[in-house]
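Student: Given these sequences and hints, build the entire structure.
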Amino acid sequence: MASLSFMTPSRMTTIHNPVRVLPSPAADALDQADALWGVPPGRRILTVGNLKEVKNHPLLLRSFAQIGDAQARLMILGQGGNEGKLRALAEELGIIGRVIFAGFHADPAPFYASADLFVLSSDYEGFGNVIVEALSFGLPVVSTDCPSGPAEILDGGRFGRLVPVGDAAALARAMAAALAEPADQVLLKRRAADFSPEIAARSYLSALGLT
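In the working numbering, the protein residues as written are 2 to 212.
Just so you know, the hints here were simulated from the structure itself, not pulled from any lab data. For clarity, every value in this text was computed on a predicted model and none was experimentally measured. Check the hints yourself; a few may be wrong.
[Claimed, not checked] Pair by pair, the computed Cβ-Cβ distance ranges are: (1) Leu211 / Ile97: 52 to 60 angstroms; (2) Gly82 / Leu23: 50 to 58 angstroms; (3) Gln67 / Asp29: 31 to 39 angstroms; (4) Asp168 / Asp32: 16 to 24 angstroms; (5) Ala89 / Gly210: 51 to 59 angstroms; (6) Asp108 / Glu199: 20 to 28 angstroms; (7) Gly210 / Gln80: 38 to 46 angstroms; (8) Leu211 / Arg21: 21 to 29 angstroms; (9) Gln80 / Leu211: 40 to 48 angstroms; (10) Leu211 / Pro41: 35 to 43 angstroms.
For each residue, glycine too, the CB sits at the ideal point set by N, CA and C.
Tutor: Next up, the structure:
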């Protein structure tokens, strides 16, 4: 950015994407999400996003297969042309009975609220708004350390686990560790609040010298 704009870094300010906090789900919506999970809380792993190649869902499926916990469930919330290939891979890996292809839901809040862990397996992200959404529900996060966004949102690993891009074994270990460790939900929700539209607006006003 500095080389393109001919500005010194000291004159630059980073303003992150504002992410609107999703409202708490209604009781009936939460009940429907619970029913879709099909297992009690404790081993529910969620990912949210379009089924594009860049999201690298095959990596997530291979990592999930390594966990080997019969009670664990992986829910993929999203739709796209790759679903057939992903189902075939889940069948090949022997985990088709533990993977829930939930399709698109306009309101993902009930699924964040009912999950135990959020995972992002992307090769690349524009920012990673879904990580902030997950944190806003106090949900622990495991993400690939892909460009760009996850490392900034998770502050280099302070607010969630980061693993190398494309490393299925590392992702599996991080997921298992996150499921075994109680989350500090207050800390995670506080981090999500750092990306509120109100804070972004104040940052813009400050950068423009209007405050």
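Student: Give a verdict on every hint.
Tutor: Evaluated hints:
1. The hinted range of 52 to 60 angstroms is satisfied by Leu211 and Ile97, whose Cβ atoms lie roughly 55 angstroms apart.
2. Between Gly82 and Leu23 the Cβ separation comes to about 27 angstroms, which falls outside the hinted range of 50 to 58 angstroms.
3. Range check, Gln67 to Asp29: about 36 angstroms between beta-carbon atoms, so the 31 to 39 angstroms window is met.
4. Against the hinted window of 16 to 24 angstroms, the Cβ-Cβ separation of Asp168 and Asp32 comes to about 37 angstroms, which falls outside the hint.
5. About 56 angstroms separates the C-beta atoms of Ala89 and Gly210, a value consistent with the hinted range of 51 to 59 angstroms.
6. Remark: the range hint 20 to 28 angstroms for Asp108 to Glu199 is upheld by a beta-carbon distance near 22 angstroms.
7. For the pair Gly210 and Gln80, the supplied restraint of 38 to 46 angstroms holds, since their beta-carbon distance comes to about 44 angstroms.
8. Between Leu211 and Arg21 the beta carbon distance is about 23 angstroms. The supplied range of 21 to 29 angstroms therefore holds.
9. Remark: the range hint 40 to 48 angstroms for Gln80 to Leu211 is upheld by a beta-carbon distance near 42 angstroms.
10. In this structure the supplied range 35 to 43 angstroms is violated for Leu211 paired with Pro41, their Cβ-Cβ distance being about 51 angstroms.
The structure is inconsistent with the numbered hints 2, 4, 10, although it conforms to all the rest.
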